[in-house]
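Throughout the sequence shown, residue numbering follows the working numbering, covering 90 to 339 in sequence.
Hint data in this document are derived by calculation from the structure and do not stem from the laboratory.
Check each hint, because a few of them may be wrong.
Here are the simulated EDC-like cross-link-like pairs (lysine to aspartate or glutamate), alpha carbons at most 16 Å apart as the crow flies [what the hints assert, rightly or not]:
no., residue 1, residue 2
1, Lys246, Asp281
2, Lys302, Glu278
3, Lys239, Glu228
4, Lys232, Asp202
5, Lys142, Asp176
6, Lys246, Glu278
7, Lys302, Glu285
8, Lys142, Asp178
9, Lys246, Glu228
10, Lys239, Asp281
Simulated restraints on C-beta separations [said to hold, decoys possible]:
no., residue 1, residue 2, range
11, Leu167, Lys246, 56 to 64 Å
12, Glu147, Phe248, 54 to 62 Å
13, Ala225, Glu147, 50 to 58 Å
14, Ala225, Thr283, 13 to 21 Å
15, Lys239, Ala168, 49 to 57 Å
16, Leu134, Glu220, 41 to 49 Å
17, Glu165, Val198, 31 to 39 Å
18, Asp164, Glu143, 18 to 26 Å
19, Ala168, Gly139, 20 to 28 Å
Since the structure is predicted, the reported quantities are computational estimates derived from the model, not experimental observations.
From the three backbone atoms N, C-alpha and C, an ideal C-beta is built for every residue, glycine too.
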Amino acid sequence: NRKLQANQNQLIQSEKLACIGQLAAGVAHEINNPVGFVMSNLGTLTDYVGAFKELLTEYDRLAGEVKGGNGASHDEVLARIDTLREDHDLPYILGDVDSLLGESADGVVRIRDIVQSLKSFARIDEEQIKEADINACLEVTLKIVWNELKYKCHVHKHFGELPLVRCNAGQLNQVFMNLLINAAQAIPEHGDITIETERDDDHVVIRIADTGKGIDSEHLSRLFDPFFTTKEVGKGTGLGLSISHGIIQK
Numbered sequence: 090n091r092k093l094q095a096n097q098n099q100l101i102q103s104e105k106l107a108c109i110g111q112l113a114a115g116v117a118h119e120i121n122n123p124v125g126f127v128m129s130n131l132g133t134l135t136d137y138v139g140a141f142k143e144l145l146t147e148y149d150r151l152a153g154e155v156k157g158g159n160g161a162s163h164d165e166v167l168a169r170i171d172t173l174r175e176d177h178d179l180p181y182i183l184g185d186v187d188s189l190l191g192e193s194a195d196g197v198v199r200i201r202d203i204v205q206s207l208k209s210f211a212r213i214d215e216e217q218i219k220e221a222d223i224n225a226c227l228e229v230t231l232k233i234v235w236n237e238l239k240y241k242c243h244v245h246k247h248f249g250e251l252p253l254v255r256c257n258a259g260q261l262n263q264v265f266m267n268l269l270i271n272a273a274q275a276i277p278e279h280g281d282i283t284i285e286t287e288r289d290d291d292h293v294v295i296r297i298a299d300t301g302k303g304i305d306s307e308h309l310s311r312l313f314d315p316f317f318t319t320k321e322v323g324k325g326t327g328l329g330l331s332i333s334h335g336i337i338q339k
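Work out the full structure: start from the sequences and follow the hints.
Shown next as structure tokens:
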């Protein structure tokens, strides 16, 4: 039994990593977007710092002239300072700095969230049953598959207040990922995916629905058969729903 369980866990992890591999381009795209504008903002901020350094250098020089009493008059110094402010458009720079720093901070947080979600999703801890927040698990999985969803559908989230659930969060995330990707692939052009969670007495209910074409009735009985798939060659292993079914049954 232990050997069988170990083999099952290895199969689950292999399928999970295969799915992550398929999603890698999308995850990279989600990271590259904030990286792009953070780098652009840093370039602009570097120019602004150069302007500030030039201004401060000139201020120090003018201050030295005033203190020494052998330089320009106060009026002349003020006029030169005003000229410098206008040349560098200092009021605009001061206003833009806050915006650039805020955007960059948001971008870094976005990157951090994606990386943390990926680590959480891919972790190899199949033996660990812990209390988990189901809504948080769904949010983690949505971050991982977001690039697969955002161009095809609008995601509606209706999360209820749930108790913590003792489960294997990593494997449960894999179930959610398989269902969400299948839902997106079932939508021909653009549609909706609705995710609902609620408490029903001592149970937690999770519903994932889509506006796709649905499953042909003749395929329903084989839905959880290993290697059964209606997708084109190379589009799926046929193990996703079978493994998901096994995880839920455990």
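Here is how each hint holds up against the structure:
no., hint, result
1, Lys246 <-> Asp281, "11 Å, holds"
2, Lys302 <-> Glu278, "11 Å, holds"
3, Lys239 <-> Glu228, "14 Å, holds"
4, Lys232 <-> Asp202, "8 Å, holds"
5, Lys142 <-> Asp176, "14 Å, holds"
6, Lys246 <-> Glu278, "20 Å, violated"
7, Lys302 <-> Glu285, "20 Å, violated"
8, Lys142 <-> Asp178, "14 Å, holds"
9, Lys246 <-> Glu228, "10 Å, holds"
10, Lys239 <-> Asp281, "10 Å, holds"
11, Leu167 <-> Lys246: 56 to 64 Å, "58 Å, holds"
12, Glu147 <-> Phe248: 54 to 62 Å, "56 Å, holds"
13, Ala225 <-> Glu147: 50 to 58 Å, "53 Å, holds"
14, Ala225 <-> Thr283: 13 to 21 Å, "19 Å, holds"
15, Lys239 <-> Ala168: 49 to 57 Å, "54 Å, holds"
16, Leu134 <-> Glu220: 41 to 49 Å, "43 Å, holds"
17, Glu165 <-> Val198: 31 to 39 Å, "48 Å, violated"
18, Asp164 <-> Glu143: 18 to 26 Å, "22 Å, holds"
19, Ala168 <-> Gly139: 20 to 28 Å, "23 Å, holds"
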